Amino acid sequence: QKEVEQDPGPLSVPEGAIVSLNCTYSNSAFQYFMWYRQYSRKGPELLMYTYSSGNKEDGRFTAQVDKSSKYISLFIRDSQPSDSATYLCAMDTNAGKSTFGDGTTLTVKP
Amino acid sequence: GAVVSQHPSWVICKSGTSVKIECRSLDFQATTMFWYRQFPKQSLMLMATSNEGSKATYEQGVEKDKFLINHASLTLSTLTVTSAHPEDSSFYICSARDGGGRNEKLFFGSGTQLSVL
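Sequences listed follow chains A and B, in order.
Residue numbering for the first sequence follows our numbering, beginning at 13 and increasing consecutively.
Residue numbering for the second sequence follows our numbering, beginning at 12 and increasing consecutively.
Worth double-checking, as some hints may not be accurate.
Claimed, not checked - Quick list of in silico lysine-lysine cross-link-like pairs, BS3-like style, CA-CA up to 25 Å:
no., chain 1, residue 1, chain 2, residue 2
1, A, Lys14, B, Lys116
2, A, Lys109, A, Lys68
3, A, Lys54, B, Lys25
4, A, Lys109, B, Lys77
5, A, Lys54, B, Lys31
6, B, Lys75, A, Lys109
7, B, Lys116, B, Lys66
Since the hints were derived computationally from the structure, they do not count as laboratory data.
In this text, all values refer to a predicted model and were calculated from it rather than measured experimentally.
Put together the whole structure using the sequences plus the hints.
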């Protein structure tokens, strides 16, 4: 069983929709939770970085962490065609080595 | 955010030759850098952790003689794929933490697509 499971997708939504991306994990030692966006043939770009349970908002993006359920989510409001990419969740223990989900490919149609 | 520069972005080589990929932290010092391999539609697979001034730490199953890592300065790590073969064709990505702490934010290079003929 993988330590990090990510909803596989792919997801296709119309422009303006709210998108929900989700990951679950099994390792209770994970303390830091990240979301990355990766365009095709490019390196991942850090979108959100959170430490504790709760919500963190940055513009149209909201990251949600529920440590009790070992569940994290990324919400994208008012999705745009430029949001079309693969989204990776990642988690760190205090050892500083990230474990990545397999990614969810999102397409936002105009 | 911090900038990590990786190049080349694309390289094609003949089987049996060696290829060097560079990863630089442009506006911060990186004690530790990471090298990943990514196959199409799959996630990042950590290959090794590159430590400035010391030997790299390789993940299980990664051949250290095949994938040579050098981290000679706080801003530069290199990955050399030695005697490349077609099965080494892949997308290679480096990353670095901005700051000395283990859990500082991780920033990625733009990746290198290696094609071995």
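Structure-based check of each hint:
1. About 23 Å separates the Cα atoms of Lys14/A and Lys116/B, which keeps this hinted pair within 25 Å; it holds.
2. Distance hint between Lys109/A and Lys68/A is fulfilled; the C-alpha atoms sit about 22 Å from each other, no more than 25 Å.
3. A distance of roughly 24 Å separates the Cα atoms of Lys54/A and Lys25/B; the hinted pair therefore holds under the 25 Å criterion.
4. For the given pair, Lys109/A sits about 22 Å from Lys77/B by alpha-carbon distance, which is consistent with the 25 Å threshold.
5. Annotation: proposed proximity of Lys54/A to Lys31/B holds, straight-line Cα distance about 18 Å (limit 25 Å).
6. Taken as a hint, the Lys75/B and Lys109/A pair is honoured in the structure, with Cα atoms around 19 Å apart against an allowance of 25 Å.
7. At most 25 Å may separate the alpha-carbon atoms for a hinted pair to count; Lys116/B and Lys66/B meet this at roughly 23 Å.
Going through the hint list in order, the structure satisfies each hint without exception.
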